[in-house]
Structure formats: C-alpha cells, structure tokens
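Please assemble the complex out of the two chains, which come individually in their own frames, going by the hints.
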Amino acid sequence: MNTVEVRNLSKVFAQGGYKVKAVDNVTFDIAKGEIVSVTGQSGSGKTTLLNLIGGIETATEGSVYIDGTDICRTAEKELARLRRQKIGYVFQDFNLIPILTVEENIIMPLLLDSKRVDREELDRITRFLGLENRLTHLPSQLSGGQKQRVAIARALINHPSIILADEPTGNLDRAMADEIMRLLLDLNREGITVLLVTHEERYADMCPRKLVITDGHISESR
Amino acid sequence: MRYLLYLKRSFRRQPKRHLTLYIILTCAFILPLLISVYRDSSAYGERQQALDMTKGAAFHIENASGEDAELFEGIDGMSAPRYEDGVIYLRFLSDEDWRDAGTVERCGELIMERIEQSGRTYLLPTAYSFDYAIESDTGDEQTVLLLLNIFIIVLSSFVVGSAYKSHLRRFSSDMGVLRSCGAENRQINGIFLTEFAVVFALSSASALILSAGVMKLLFASFLEVRDDGFAWLIFRMDPVNTALHIAVFFVVLLAVISFTLFKFGREPMANAARNDLQSSEMTKKPGKLRIKASPERSLLALWLRRTNKTHRSCLWVAVPVMTVFLFLFAYLSLDAGWVSRLPEYELTVSKNGALGGFTQEETASVERLEQVREIRASGEAQNPQSDGIYEIDIRLTSPELHEEAAALLKQLFPGAEYEIVDSQARAERGREMSTGIYFMLLFIFAAMLGFMLIIVYMKLCDYIEDSRKTIKALSTVGASNGVIRGSYIRQSLVSAGLAAALPAAGSIALFLLAANTAAQKPSVSASLICAYFAVSAVTACAFILPVCRSIRPILERKESIL
Ligand SMILES: Nc1ncnc2c1ncn2[C@@H]1O[C@H](COP(=O)(O)OP(=O)(O)O)[C@@H](O)[C@H]1O
Ligand SMILES: [Mg+2]
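Chains as they are written, first to last, in our numbering: chain A, 58 to 279; chain B, 6 to 567.
Bound-form chain B, shown alone (with noise of 0.2 Å):
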C-alpha cells in the first residue's frame, strides 16, 4: 500500500504524460472503429437493399396483371401468389427449400413452363436464390476491411506500446528505488497495469463516442445511400462487432505492455536506478566521430551516428502513416473523381430483349421531346444477334432537365420491360458522396496524424530530455547554445526531410500500381500537391518543434542544473 501512495503521488507529477498516454490511445482507436462503422453499415445497407429488392420472395414475376396470379397458384411448397404493382410474388413456405438449388431450379422450370403453356409470354420471372436475399454473406470488400481493421489494430498496437515503452521508462528510476525498498515486481507491475486499464477504459470510451457521432453525422448529411444504382450505405453500429474489435485492442496491448513491464522487472536494479538513459539508448557500434568544417555539423554527425535511435523509431510512425495517407487521399480522389464524373448522356432508356426492341415509332418519340438534343442507339452494338434497338442513350439539351426528362419518359414508356437510368442524377449523388467521403478521409486522416504528431512530440521532448547530461556537458565546455541548439535542429531537420520524402516516394509508387490494376489514368491534382506539402509541414514541425521546446529550459536554466 505505500507503494501505491508513492508512485501515485509521482503520477500524479506528471499529469501531462497520462493524457499524452490519452490522447494517443483515443487516435489509435479512431481509425478500427470507423472502418467497422463503415463496414456494418455497408453490410447492413446490402442486406436492406436485398430485402427491399426481394421482399423476401423467391420470385418476381413481372409485367404481369392481376388475373395473371391464378396462374401459379397451387405450385408444391410455396405459397399462394400475390399481386402487387404488376409484380407477382412467390414465396417459399420453407427456408429449407429455398435454400436448396435444386428445389428453387425445379419450381423455376415450373414456373417457366405454365407460362409458356398458357401462351402468356409477356410475363418475365426472376429467381432470388437464398443467399442473395436473405442470409448477410460477408461480400469480399468486407472481408478486407476485416483484415485491414486487425491490421491496422495489432500495427498501432505496436506503436502504442512503444509510447507506453517510454512511459514506463520515465519511471523507471521510481521503480528502481521501490524495489530497493522492498516492494515486489508484482505489485509495481498491478499500478501500472491498473493505470493502463483506466486509461483504456477512458479513450475507447472517447473514441467510440467521437467516431460514433462523427459517422452518424457524415451519414446524415453525405454518406447515407438508399438509391437504387449504388450499394446501399445505412449507418449502423453492431455492437458485437464493436466489443470485438475494442477487445482485440485489449487484448494485443495488454501482451505488449505486459511484455515491456516483465522485461524492466528483470533488469538489475542498479541499472534502472541509475537512470542514465542515454548511453544504455546508444547504438552498439558507434561510427567514428569527425571533425568537420562547422561544431553544428560535426555535432549533427555525432548525433546522427550516436543517438538517432529515437528519431529512426519517429520514422516508422511518421512514415508509413504519411504514406498511407497520400496513397488514400490520390487514390481516393482518383476513384470520386471517376464516380461523379459527368455523363455524356444524361438518360438510358433500355427494353427487355425478350420481348424485341424499340419500334420506329418509339425512337421517334424520344426524340421529339423537347428536351432532348440528340439520341444513340445502342442496342445493336451489345447484342449482334438481336435486330432492334435496345438501349436509346439520350443527351439532352441541358443536363438540369434531367429530372423533367427522366419524368417524361416514364410516361412514355410505363411497362415493366422498360428501364430508366438518370446518369445525370446518379453522377450528381456520386458528387455529394464523394464530399462525404473527403469528410470522413480528413477526419480519419486527422486522428492518424494526431497519433503520429503526438508519438513523434513526445518521443522527441524525452530525447532531448535524456540528452540532458550532454547538452550540460557540451555547455560548459565550450558550446553556445546556438551550436547546441542548431544541432539538435539539424537532426530534426534531417528526419522532416525524410518524413517528407520517403512517403511521397513509397505512394507514388503505389499509386501508380493501384491505377495501373485499375486501368485508369494516374493524375495529379493541386488538392493533392496542397494536402501534401500542408502534412509535410505539420510534420516538419512535429519533429522541430519538441526540440526547440524541450531544450530552451535546458539552457537557459543551466544554472539551476550544474
């Protein structure tokens, strides 16, 4: 117990370091959890899409009339037919049945057959098969939104837990002197196990909260989709899906911090009393130390031989997550780009081919509306066999009449066996979404470089905390703290360049195998160029900034040190 009050007044020095602990789990968790928002609320959007398609019936006879229904009355293991809008709808009496191909392929032939023996030809069935309209099969898309989510959780895992690494370090002394005193390993490691599960208690909590709201507001005003023409996107949070993910956080960061905690347990205690953190920080085999031209320079290439360690780890998170970053932001702009583009003909009107093509005089008739510009008939090019006109794209005169002109049409051609594609009002929705999707990009990309600034500000102030011993030492004898101090720049500077560079590289090249897969035309936007030189900027700064902040005590307070 008199461990506990002490390390609990030392956590309590040091407030700032548990909400940094705070604020990178929170980032962490952001992006698993808008992936699996965006995952159920696609997987429920399909799923109410099929429902609405099948209305859970196995077939849809279309084109038909009321009297057409007694037709398929009395058909073995389904149900009694009904008439709704010109659709008749069978159904299954059984889910076994329907889940059976045969059965369905049998009841189809029936089907097929009585219409044909009743001369009733105009009538055009569809099966549903079981699994397209109501069992939720997880479609390829969410499987790899699966994988990447846990790849994304055990990657930041990783990083998280090398965060805590130096969390725990920066109390190492504290331990140090406990176990000196007799506490055992076992208690120490409860405290900070017991800090942990509160500080993981508080930001899954946030997160799910802030990706939660942030979700339900991007799909109120942009992502929702109930059109017909798209994959149906529904906001939708599964709880189970949820407590997993968040338990698989858990679980993976508990292994990784428990792993940390056992290895500073077995350290000597003389070790991790001394507290020198820098040499133990040092690399193995040190490079040669030079005399160069200028002191900032042969300090630059000491620091970059000697203890660059910190600034390598701030690399590995900075860099793939830039690289992530503007592969996604290319990509994706790419992708809306391509989705919103505008047709060249706004409206389709296409005939069901059983029942032949558009007569003259229905061509004839498109084109006399006032609206329309000029017409393309396309059928023929499709289908080489058939002898008519299937499909009639139409350019219109303004693409604004494309609502007036698609209402038009209906009126023309009012029977089942026509379809009316608006391109225009499909590509104008596409536009909206995609300003939904730059939303939730930014807002994505926000948390990540939250994380990643915030790792790369802490792991940088504790360097140059560490480098305490030095940086007095290099004073007294001799450096101003102009050398100093532009030192350290350097390094920093160093480490920007290749934040910034090493990602541009590494998603140009994905970009350019992600187009080339995708046989469309790589280009470069001036968004792109801004959004890439803007997080360059942030973090340059993430990587400059800690060190001005950390080492401007240091030397000014020299005295307070000697």
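This is chain A alone, in the form it adopts within the complex (with noise of 0.2 Å):
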C-alpha cells in the first residue's frame, strides 16, 4: 500500500466573485520510503497542494489517501488526530509555539495525545538534530536553522507516516539551507517518507522522484 494517495484532487478558493483554482485534477501516489520533491513558480498551488495532503485544507473535489484513510471525508477531530500520529509538518516560517521551550514544542504532539515523553526518544532525536544543548531555550533565542531543526524534531516524534516539508529551507541562509537539506535526505535514508516543496531546482534534484506544478496541474518531471 502507497503511504500517500492524491486522486482526482482540485481546490478551488473563490474569493470576491472571481475563483482561483489552485489545485487542478491531480493524481499522483508516494510510496513508502520514498523523498519526493515538488517545484513550481510561486503561486502555482505547492503550498496548497501540500494543505491538502497534511489535511489543513479541505479539497473541493477529489481524494486523499494516508495509509489507506480518506481524509476529505474524515471529520475535523478524527483529521487532528491524523495531523499528530500520521503527519510530520515542516513549514517555511518554523511555526513554532512563542511561549514554549524547544523541548516543549517538541513534545506538543504528545501531550495532544496525552502520551507520556519516553526519553530515550526524545534524546536520540535531539541528538540527532544538535539541539541538547537548546532544551530550554525559547523559539526567538534561536536562529533560523535551529528553529527549523526544532520543527523537524516535532514533525518526528510521533513517528509520523510522511513528512510534509513546505519550502523548509525558504528563510533559511544557504549554509544553514544545505544542512537541512541533508537533514532531512538523511532521515530518508532511515526509511521515512518525505514530501518536499521547494522552489530550489538544486534541492529538487537532490530527490530521485521529482514532480512539477504548472497552474495548478502536476506532472511528473524526470
């Protein structure tokens, strides 16, 4: 079974009497273990696209598949769920939470789960990352890099299906870039499913399987 499965997607936002349709018919399947990069010009519907698979959207017509669930009829509470024990998000502008450690923002899915912390975890993953030394920092004593390396660790401890990464190297520097970059190619290689949107032909490239949106419409590129 494919961990992620689009079908016949489209969104449509209809705002002020004219209507943009951001996704546009799409089909495409990730299988498990795979990186899967997607670019296209700004504005031509990734981070939507993206929005729909993570279920923080809600599609105008078509399908999503997550391990075999269709989240375009699953209800608001069952679709949280799925966000937190599914889904690892990695966005653009870190989406961290102001007022809690790095620590505490890392364990925030679990707590939604009112799972206790197995440390050991916690531990490995941040050593992964190089953030022991920052537990108990807040969000805005970090830099950009760490900030997102925080995301990252949130977006695994719930040992998500996919990750979903939304331009997480856009407001980064580029050595800070490369570095997640090679973070998250390495997390591939220990098996987890990434779906990444860049604008970055360089990072694309970095992905065996590449995917490109035009308007809206996908196409696989090669």
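Hint data in this document are derived by calculation from the structure and do not stem from the laboratory.
Nothing false has been slipped in among the hints.
Computed cross-link-like contacts, DMTMM-like style, restricted to lysine to aspartate or glutamate with a CA-CA straight-line distance of at most 25 Å:
1) A:Lys76 <-> B:Glu561
2) B:Lys415 <-> B:Glu379
3) B:Lys297 <-> A:Glu133
4) B:Lys477 <-> A:Asp170
5) B:Lys474 <-> A:Glu114
6) B:Lys297 <-> A:Glu160
7) B:Lys293 <-> A:Glu189
8) A:Lys143 <-> B:Glu561
9) B:Lys477 <-> A:Asp127
Here it is, written out as structure tokens:
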C-alpha cells in the first residue's frame, strides 16, 4: 500500500467574485520510504497541495488517502488525530509555539495525545538534530536553522507515516539550508517518507523523484 | 504630514477600537459625575433647608403674639423685630456680629433677660449660628463623598489607562514602521494624544448629558426631598465642581497615557515592528509543562502558567467592581429597609418641656379620637426628673388614617409648643425614596458593569488575537478545534469562577463589618441573591464570549493564515 494516494484532487478558492483553481485535478502516489520533491513557481499551488495532503485544508473535489484512510471524508476531530499521529509538518516559517521552550515544542504532539514522553527517544532525536544543548531555550532565542531543526524534531516525535515539508529552506541562508536538506535526506535514508516542496532546483535534484506543478496541474519530471 | 495620513488610514480601518475607547471612557465618567451631582444636590438641599428654617434671622421667638414684638425693640446691632405666624424674628444688622459667637451669646442673654423681666415666660427663643444659617459648611458626608470621588477617578484612570495601553499596542507595529521610515516620536505621540483629546471630549460630553439627565429624572420622580424630618435633597449641578472633576480626570488620564507613549517610544524599533505580542506578555518564570490526562487539561495548565496575565488584569477590574456592587447593594438595601420600615406608632405628639407636660385632659382628648386605637405616654422615661407626660405615641386603628388623624391633632394642639410627627408619612416617603435609590444604583451599576464588561471583553479578544500564532501551530500539530477552544474556554471559566467567588467573599466580609459598625442585623434578601447570580452570569459571559467569538475566525479561516 502507498503511503499517500492522491486522486483527482482539486481546490478552488473563491474570493470576491472570481475563482482561483489552485490545485487542478491532480493524481499521483507516494510509496512508503520515498522522498519526492515538488517544484513550481510561486503561486503555482505547491502550498495548497501540501495543505490538502496534510489535512489542513479541505479539498473542493477528489480524495487523499494516507495509509489507506481518505482524509477528505474524515471528521475534523479525526483529522486532527491523523495530523498528530501520521503526518509531520515542517513549514517555511517554522510555526513554533512562542511561549514554549524547544523541548516543549517538540513534545507538543505527545501532549495532545496525552502520551508519556519517552526520554530515550527524545534524547535520540534531539541529538540527531544537534539540539541537545538548546532544550530550555525559547524559539525567540534560536537562529533560523535551529528553529527549523526544532520543527523537524517535532514532526518526528510521533513517528509519522510521512513528513510534509513546505519550503523548509526558504527562510534560511545557504549553509543552513544545505544542512536542513541533508537532514531530510538522512531521515529518508532511515526509512521515513518525505514530500518536499521547494522552488530551488538544486534541492529538488537531490531527490530521486521530482514532481512539477504549473498552475495547479502536476506532471512527473525525470 | 505623511505620517499623519498613514495613521489616519490605519485608524479608519479599526473604528470599533475607537468606539470601545469611547464607551469605556464614558462609563468611567458616569460614576464620579453621579456622585458629584448627588453631592451638589445634597449640599444645595442642606443650604436651602437651613435658609428655610432660619429665614436669615439669628433669633426666632416662638409662641408669640403681635404685642410681644415691642419687647425686643432697640437691641444694639439688631434689626427691629418682625412678627409672622406666631414667631418673632430678630436679625443682626451685620454678618460680622452674627459670625462672632460672643455677640450672639450676649444678645441671647439680653433677650432672655427681657422675657423674664416682662414675665412673659411662654415665649420660646431659639438662636441660630451663622455657620448653620448662612455659611455652607461642608459636612462630613460631603467630604467623604469628595474623597470617594477622587479615589474612583484615580482608580478608573488606571483601568482606562490599561485599556488605552492595549489600544496603543494594536498600533505598535504601525508605530515601528513609521519610526523606521523616519517619523519622530513627537509626531507619533501627537497623533495619539490628539485622538485621546477627541475621544475624551466626546465621552465627557456624553457622560455629562447622560448623568445629568438621569439624575434630573430620578430627582423629579423619587429623590427630591423638601419635607421636614429629612435632610433636603434638591437637584443641583455645580458647574465649578463638575469642571473640576472633568479636569482631574483629564490630567490623571493624560499622565497615564503620556507615560505609556513615552515607554513605547523608548522600545527598540525591532521589538515594536516584530509584533510578537504573545511572547513579550509571557510570564518571566514559566512553570513546567505537564502532560495531563486530557489535552484540554494539559493546555489549560499551560495557559494558566504562561499566558494568564491578561486574565489576571481582567480580574483586577472585575473583582473590585463586583465587590463594590454587591456590598453597596446589600448595604443600601439594608439601609433602605431600615428607613422605610413601618412604625409601630404612626403618630407622635410632643410638648415643649419648659411649659409642663400634657394634662390629663389633653391625654384623654387624644385617646377619645375615633382613629386612635392605643396611646403610649413616653415622656417620663426620657426625662425622669420631670413629673409630666411630654410625648404621646399614637397607634391608629388603621395606618391609612394617619393624615386625617394628624390634621385632627393639629386642631387639638394648635400652639407652637406642640409638635406632631407623622412617622407613617415619613416611612412612606422613605419607601418612595428607596425606590429612587434603587434606580440610581441600577444606573450606576449599569455604567460600572458596562465599563467592566467592555474592558474584559476587549482584553480577552486581544488575548485570543495575540495567541493566533500559538493556535495556528497547535492546530497544524494536530490539536482539534474542540480541544483548542475547550482549553481557552476552561481558562475563561477559571477566571469567571474567581470573578464570581472573590467578590462574594469580599462583599460578605465588608458587609458584616459595616453591619457590625452600624449595629444592625445583617440579612440576606432574595433580591440580593438574584442580583448576585445575575451579575455573576453576566460576568461569566464577559469572560467566555470573547473567547468563543475571536477564536472561531482563527480556527475556521485556517487556510488564510497558513
Ligand atoms: N486562502 C486563499 N484564498 C484565496 N486564494 C488563495 C488562498 N491560498 C492560496 N490562494 C491562491 O492559490 C494559488 C496557489 O497558492 P499557493 O498554493 O500558496 O502557491 P505556492 O505555494 O506555490 O506559492 C495562488 O494563486 C494564491 O493566490
Ligand atoms: Mg507556498
């Protein structure tokens, strides 16, 4: 079974009289353990597609299956559970909670499940991401690269089926961006499925499979 | 000028905020203005009562006839005696003499001397001091009211100031942008101070019209007193007093706001422009994050530990307002109940002691009246040395007959040495007045409650707005809408519970203290309990509604904020 199956997915934004078809009849699969890049120009619908797969936005038409569950036909509460247990999300603007320390941000998905923290697991992840000395810092005390690593740690803590990364390098300088990219590739090598949205060809080229989105239409590029 | 235009535009975008400020200021004004009107009215009433009683004369000689007047002619420094309705009036020619206690005493002795020498001892002289008759000395009650007013003004200035602060914070990123493109603090402050001046002028005018109108109405229908046996109360609004109140309010508020602006002006630009409102509001020493049995509870514990500052400041407004409300409600209803309690004996006739008590014949004639059920001669007990009856309490066959009976008594005892007190009429008047007092209280607390509710509402809406980033992050990490809303509503419920419980405890303590001092039996009426629950419910709504209202668009329009 594929981790993600997208079938005839469309999203129309209707705003003030005119409509924008941000995602237009998209169909593709992502197999377990794959790393797939999605490239496209600004405004081509990359974020919208990712939000639809992540259950943050509701589709106008079509379906998205995550591990066989159609998330477009799932109630809000169930969708939230899916987001915290099956999907790890990494955003361009980090999306950390400003009032929580690094450690607390990382374990937030566990808190929402009322699960105990497995210290060993937490130590392993933070060491892997080089955050072990930053656990008590607030996000405002971190550099951009560190913030993004916290976001990745948070995405990993619940062992998700897939990591959705929306331009994770967009707000970082070259060295930090390279480092984050390397991290994602390392994670994939450990067996984690990754869907990476980027507008930088350089990073897209590092992925074995590339998708290109143009005005909401998707095409396979190899 | 460019900056001005910029801010003007950003002002226009948020008309609700200005409206909120206007309402807050207006409500804050009403209470001190009402107290000021009440104070002016009571001072004016007292003054009119004294004038009415003394008629500008230092000596009143009662129980007199026209022929007695000549006896008091030619007293040094005094006018010729004037006779009217069984009373001879003597006044000083100069106020200086009247003001001097020595002169008054000397003249008084002279008058007594003349009465004794002439043997007309039935004459009853009374002296009025200048202070009492002419000078409007401010009584203790007046001073207390003035102090109370100043206290209220200062207190509400701080509350208004804090509301103003959050208003200004909404524009802090605008301010940062302006400053980074070269606007001086002076120009920015000028804009906000102009705004303040306009809002202040509008709200003070509205509050003035509102409180004057309501008080005028209340006085016309309930509160005006010109009856004997009560302190007079006549509607009056002293322009100087009123202007003074407004000026004090303006100065205190201006100071608070200038200080806030000054502080904003010194904030580093990056800080102001970053607009990361929430983490700057965070408690300095955060407690530990604990994972509880349900996510709502974990989040609630987190909010209570880290982001409860706004709630606390809301409680600082809500708890005192509620406490004062409940206390005054309880106390005044006790007081009003006492004033308007129906008397056991509806009428009392008393006789001036210098001329001996009531005769057997007189007492009997009272008892013979058909309206009279029972009498009680009470003079002896009060005045053990005397041998007569000086006071007769009368119980009527039916309380409605009090006016009729009083008129008959007046015929029986026409002389000035007799006094007839209609306690029934007084109690009925008291009842009527207590209705007026309830209405006034209702108005005052409508204003105070409005003030409190809108501040709490505004602050909590801002709180949720400021939590946008946290809410958004939580939602993407997998918190359901129900969990997020639930945790914030729980936080509000905790505050609402405190806002209901603390005032109840506080006002009970105050009330017991006051009842103890006044040596009255404290009692809890059904109306008090109803008022308590009604106000608590409204307060709870003020804590919960803004959360529900502000959180919905954030949760529903998720896509537009991601
Ligand atoms: N909430 C929204 N409301 C209306 N239009 C939107 C909304 N979000 C995105 N769009 C439109 O959808 C299109 C795709 O946007 P997006 O997915 O953000 O593109 P990308 O991430 O590739 O830059 C754009 O034309 C954008 O204007
Ligand atoms: Mg995008």
